[in-house]
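Asker: The lines below spell out each chain.
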Amino acid sequence: GAGVSQTPSNKVTEKGKYVELRCDPISGHTALYWYRQSLGQGPEFLIYFQGTGAADDSGLPNDRFFAVRPEGSVSTLKIQRTERGDSAVYLCASSPRGGGSYEQYFGPGTRLTVT
Amino acid sequence: AQSVTQLGSHVSVSEGALVLLRCNYSSSVPPYLFWYVQYPNQGLQLLLKYTTGATLVKGINGFEAEFKKSETSFHLTKPSAHMSDAAEYFCAVSDGGSNYKLTFGKGTLLTVNP
Chain A
1 GAGVSQTPSN
11 KVTEKGKYVE
21 LRCDPISGHT
31 ALYWYRQSLG
41 QGPEFLIYFQ
51 GTGAADDSGL
61 PNDRFFAVRP
71 EGSVSTLKIQ
81 RTERGDSAVY
91 LCASSPRGGG
101 SYEQYFGPGT
111 RLTVT
Chain B
1 AQSVTQLGSH
11 VSVSEGALVL
21 LRCNYSSSVP
31 PYLFWYVQYP
41 NQGLQLLLKY
51 TTGATLVKGI
61 NGFEAEFKKS
71 ETSFHLTKPS
81 AHMSDAAEYF
91 CAVSDGGSNY
101 KLTFGKGTLL
111 TVNP
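In order, the protein sequence lines correspond to chains A and B. Residue numbering for the first sequence follows this note's numbering, starting at 1 and increasing by one per position. Residue numbering for the second sequence follows this note's numbering, starting at 1 and increasing by one per position.
Hints are computed from structural coordinates only; laboratory data are not their basis. This structure is a prediction, so every number in the text was calculated from the model and none was measured. Do not take every clue at face value.
With a Cα cut of at most 27 Å, we get these calculated DSS-like pairs of lysine-lysine [unchecked claim]: (1) K106(B) / K11(A); (2) K49(B) / K69(B); (3) K106(B) / K78(A); (4) K69(B) / K58(B); (5) K78(A) / K17(A); (6) K68(B) / K58(B).
Go ahead and model the full structure; you've got the sequences and the hints to work with.
Answerer: See below:
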């Protein structure tokens, strides 16, 4: 079946602009995660959704970052007033349920470049 | 707070040689431990995981890892490297109780020489 998909694959934006990154999880997966991977680093947790609600948003770096999942499937990560330090690969993952020993399935990521 | 240390940002081996990628973790609760592989321009793929039970876990592509609680380690091994194993490898830990927030190491780039 189809895996996790993310669009766009690449996004170049100017400093100060607003961007939206989209994640389509595997069908039927109720848990969804966003991670950020900076150059030379491992992925860092941003936010976790169980269904429509954000169960843990403790990894969002500041209030310029916001994510939604209004119908419990597709999620959008929104970044306001982008800064050059936001440049990274943004990864989305989903799992059948949150917690337990469920594997997180990762998408290919969106590479964001802020100029 | 949990943390992961991967010793060696770059490991180079010859084809057919043993692969050993090191991972040490810190966790205040019984951890779940994972190894992921990332090929260029692709997403992370799970190689293997330890949750409970047998401490030696076998994964895909001939990889295995052993959970050693006393050493807080979860090293990844493969007896004989193949050219197709060249990729970046990430060790990750989560809180075994909730297991939704993965904490990753910085990764180890594996190069396989012919």
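Asker: Indicate, hint by hint, whether the structure satisfies it.
Answerer: Status of each hint after checking the structure:
no.: 1; hint: K106(B) / K11(A); in the structure: holds, 24 Å
no.: 2; hint: K49(B) / K69(B); in the structure: holds, 15 Å
no.: 3; hint: K106(B) / K78(A); in the structure: holds, 25 Å
no.: 4; hint: K69(B) / K58(B); in the structure: holds, 17 Å
no.: 5; hint: K78(A) / K17(A); in the structure: holds, 11 Å
no.: 6; hint: K68(B) / K58(B); in the structure: holds, 15 Å
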